[in-house]
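A.B. asks: Chains R and C are the protein sequences, given in the same order. The working numbering applies: residue 1 is where the first sequence begins, and numbers increase by one. The working numbering applies: residue 1 is where the second sequence begins, and numbers increase by one.
FYI, nobody ran anything at the bench for these hints, they're computed from the structure. Note that the structure is a prediction, hence the values are computed from the model and not measured. Some hints could be false.
[Claimed, not checked] Derived lysine to any residue pairs resembling SDA-like cross-links, with alpha carbons at most 20 Å apart:
no. : chain 1 : residue 1 : chain 2 : residue 2
1   : C       : K288      : R       : P26
2   : C       : K295      : R       : L49
3   : C       : K633      : C       : R693
4   : C       : K253      : C       : E361
5   : C       : K295      : R       : Q135
6   : C       : K295      : R       : Y94
[What the hints assert, rightly or not] Computed, partial: chain R to chain C, Cβ under 7 Å:
no. : residue
7   : V27
8   : E28
9   : I30
10  : G36
11  : V59
12  : A62
13  : V127
14  : V131
15  : A132
16  : Q135
Note that beta-carbon positions come from the ideal geometry of N, C-alpha and C, so glycine has one too.
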Amino acid sequence: MHRSATLAVIALALTLTACGSKVEDPVEQIVVRPPGVAAVPAAPAAWDLVAAGKAAFAVCTACHSAEPGGASGIGPNLHGVVGRGAGSVAGFSYSEAMAKSGLTWTESELDAFIANPSGKVPGTEMVAGQVADAQRRAAIIAYLASLKN
Amino acid sequence: MNDMPQQPQRSRAAKWTRRGFIGAGVLAGGALVIGVGVRTGNPVGRLGPLVAGGEGEQLINSWLKIGADNIVTAIVPHCEMGQGVHSVLAQMLADELDADWSLVRVMQAPADGSYVVTDTIRTFVAPGTLDAPDWLEPTWNGLFTKIAQLADGLITGGSSSIRTTGQRTMRIAGAAARQMLIGAAAREWDVAAAEITTANSMLSHKPSGRSAPYSQFAAAAAEQDMPQTPQMKAPENYRLMGKDVPRIDIPDKVNGAASFGIDAVVPGQTLTYAAVRRVPVPGTRVAKMDAAQAKTMPGVLQILNMGDFLAVVADSYWQAQQALNAVTAEYTAPESTIRSSDDQFARFAAALDAAGDKGGEEVIGRGDVPTAMQAAAKTVSADYQVPYLAHAPLEPMNATVWARDGRCEIWTSTQVPLMARSAAAKALGLSKDDVTMHHPMLGGGFGRRLETDYVVMAARIGQATGYPVKMIWSREEDTQKGLFRCADMSRFTGGLDAQGRLTAYNNVFTQRNDPADACDCAFYDIPNKSIRVAEAELHLPFAAFRSVDHSQQAFFIESFIDEAAQAAGRDPLEFRLAMLGQSPRHKAVLEKAAAMAGWNAKPAAGHGRGIALTESFGTIVAEVVEVDMSSGKPRLTNVWCAADPGFAMNPDGFRNQMEGGIVFGLTAALYGEISLKDGAVEQSNFHDYKLMRMDECPAIAVEIINGDHVRLGGAGEPGLPPAAPALANAIFAATGKRIRALPLAKHFA
Chain R
1 MHRSATLAVI ALALTLTACG SKVEDPVEQI VVRPPGVAAV PAAPAAWDLV AAGKAAFAVC
61 TACHSAEPGG ASGIGPNLHG VVGRGAGSVA GFSYSEAMAK SGLTWTESEL DAFIANPSGK
121 VPGTEMVAGQ VADAQRRAAI IAYLASLKN
Chain C
1 MNDMPQQPQR SRAAKWTRRG FIGAGVLAGG ALVIGVGVRT GNPVGRLGPL VAGGEGEQLI
61 NSWLKIGADN IVTAIVPHCE MGQGVHSVLA QMLADELDAD WSLVRVMQAP ADGSYVVTDT
121 IRTFVAPGTL DAPDWLEPTW NGLFTKIAQL ADGLITGGSS SIRTTGQRTM RIAGAAARQM
181 LIGAAAREWD VAAAEITTAN SMLSHKPSGR SAPYSQFAAA AAEQDMPQTP QMKAPENYRL
241 MGKDVPRIDI PDKVNGAASF GIDAVVPGQT LTYAAVRRVP VPGTRVAKMD AAQAKTMPGV
301 LQILNMGDFL AVVADSYWQA QQALNAVTAE YTAPESTIRS SDDQFARFAA ALDAAGDKGG
361 EEVIGRGDVP TAMQAAAKTV SADYQVPYLA HAPLEPMNAT VWARDGRCEI WTSTQVPLMA
421 RSAAAKALGL SKDDVTMHHP MLGGGFGRRL ETDYVVMAAR IGQATGYPVK MIWSREEDTQ
481 KGLFRCADMS RFTGGLDAQG RLTAYNNVFT QRNDPADACD CAFYDIPNKS IRVAEAELHL
541 PFAAFRSVDH SQQAFFIESF IDEAAQAAGR DPLEFRLAML GQSPRHKAVL EKAAAMAGWN
601 AKPAAGHGRG IALTESFGTI VAEVVEVDMS SGKPRLTNVW CAADPGFAMN PDGFRNQMEG
661 GIVFGLTAAL YGEISLKDGA VEQSNFHDYK LMRMDECPAI AVEIINGDHV RLGGAGEPGL
721 PPAAPALANA IFAATGKRIR ALPLAKHFA
């Protein structure tokens, strides 16, 4: 019963090396699904920028709808935003900064805005939704561009 | 042993040196490597990619490399768990090498048999061989290297790294490399080696005005003969040793770059996460598992009944833990009849009762206790007890495993990487060589990570899934289902003669682990002693706790010495000093702590001071604690600590370790208690397993006495033992109330 912390671990290690191994398998193993299957929802077969953008747009949906004719939320409806003038959704009350920005939402202007909203439009009321990752921004913009009709 | 040269050989590769093995060789990039002993069959080619995979580097097995950029890298075998070992071992090596500290880096040695800590194992297993004559040294060294390799002896523990690996390996590697660099320069410059000086990673020859960085001679140095007895510095020549050089590991810990076990990633793989629940009562098994609800929960991949624990594997840790919370189970009946803490202490009391005055196994016997007791003018008796304690490291137990195709790769923070590798190999039915260990820094060890239970659990989960999985214990699991500092009880009777001297000392306790001398206070001159152990069953599994047996024994012994002083009508300091006639270093330490505290001046009203003296892991420590009891509850105001570790290699680091040990000891003494109900642990998290908070921490002053430059003591643990008794003694001084059962705060609730 003498358990010297150091000696005991050494002794233990010697026993471990000495005696034959006994593998203890699970008594019960319930496999619900393999990893990575449902985890990446609707994983596109090939790299599909629009599909990836739709998934990434999830972070925007807290404030924006992109449905045709969908109501504005905290932020304006973004359906058809690509090519449209900034601050132009009827009935949405924009900040003065946005309303007077004079911007047209080209893909590159959108990219700059999403990368750093208050950097691009100082005084904007869009306080969240910044996307640091360039690839994700490209995907989101591709998705928004695909919504034109 | 064909490693042993029959006669002096010129071959570098087969030469032994005193105090350690050193090998040397040239790297592809022209860098010099001073390595571990060139042991026969040493797989240099296999080790190369492990330790010198960088640009222009190619190995040899090694304690140090010098790169083309003149950077010296110390390859440190011990694990960094906050104690500063990476930095201080590099500091020792760099001093002997005369390296520029700003050009020194540290690398964690890989979990490979070539990096066993021979001198640590040897110091613990056979300290007597450390003073072997030179001609025997190779034999002992070779033998203990073999033993260490067999025993997976890559250990960080026992407050041992500086005094074993630091003194006997790192310094030699540095000193030998320096001599070889000088030799190479002397040859190239065609001057006498004695005329060459070294400083700041540069070689200089004053008479000719020549100088060069080490890197320039690294390759040529490797062609030099290995010095048979490298010249180590005398203390008066230390340049880095004994100085507060800044620690190498701190910047990364401050800016968040440091990587701990729990931060592990599996390169190129998506991790899955396992939450686990062990059986609530040790020794039981899962009888039945119901996972119907858990199966439907988000992120869940697998639900496992492993017999001794349950696990849920999911896409994220949170999902795994939530689903695990929804798994219900029934367990087999426990064999142990210990259900409550009262049951546990009743077992101890019964064992002590059965042992009586003479029973149990004798650990220390000296003089004639019965006769001395009979002759005593006065006797004093007391029982003390301590509860179980959890280690509660900030980083909970965790391990990341990828087992596939008959191989297994593990990432975990551990104090014993090779033992963890063997334990996992055994659990999976693999050979050791099929298991690869990665062991980053530890977010706290404290002895808990000398155990490999959690690594084995993760390996079994990884084996079942076949894909990479990171197992993380919840805080609750870590508090309730781990391994514990044992509870214990100790009984004393002392006999005082007419002059109030302690002449008879009778003690019996129930738990003995490590170190063997923890139950004694040999520095006190007590002529008749009987110290015995009467072993009693423990309900919870054991793991060494910071300072191991000293963590409870110091409380028992130094509380009792205080009671003896009181019975003798003597001042506690004076009573102890009177017994230290044979122990001048202990006396100096105790006097120092008392002087720091101003022991002779009366404390403020409602305050009390207590003192305690211990020696553990080769270091002598005295602490005075002052407590303010005026509110009716203990409020700690000050700790004054004096310590003699022989020589403090990095005084700032040493003081940090004393402070850490003191806080660890005080928090355990005040609050630490793991109690049992229905055979299971009652506490679960920091709300009911309280740690001392910042605002409760007393001012701590530490002073160092360098009392022996040759035989060094440890730093990580020795600050802890005196803390609990000094505090209990302070509470007695303030209130007249003698508390014999920890934790202390419970008595003032």
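A.B. asks: Next step is simple, just say for each hint if it's right about the structure.
C.D. replies: So, going through the hints one by one against the coordinates:
| no. | hint | result |
| --- | --- | --- |
| 1 | C:K288 with R:P26 | holds (13 Å) |
| 2 | C:K295 with R:L49 | violated (33 Å) |
| 3 | C:K633 with C:R693 | holds (15 Å) |
| 4 | C:K253 with C:E361 | violated (47 Å) |
| 5 | C:K295 with R:Q135 | violated (35 Å) |
| 6 | C:K295 with R:Y94 | violated (47 Å) |
| 7 | V27 | holds (5 Å) |
| 8 | E28 | holds (4 Å) |
| 9 | I30 | holds (4 Å) |
| 10 | G36 | holds (6 Å) |
| 11 | V59 | violated (17 Å) |
| 12 | A62 | violated (19 Å) |
| 13 | V127 | violated (26 Å) |
| 14 | V131 | violated (21 Å) |
| 15 | A132 | violated (18 Å) |
| 16 | Q135 | violated (18 Å) |
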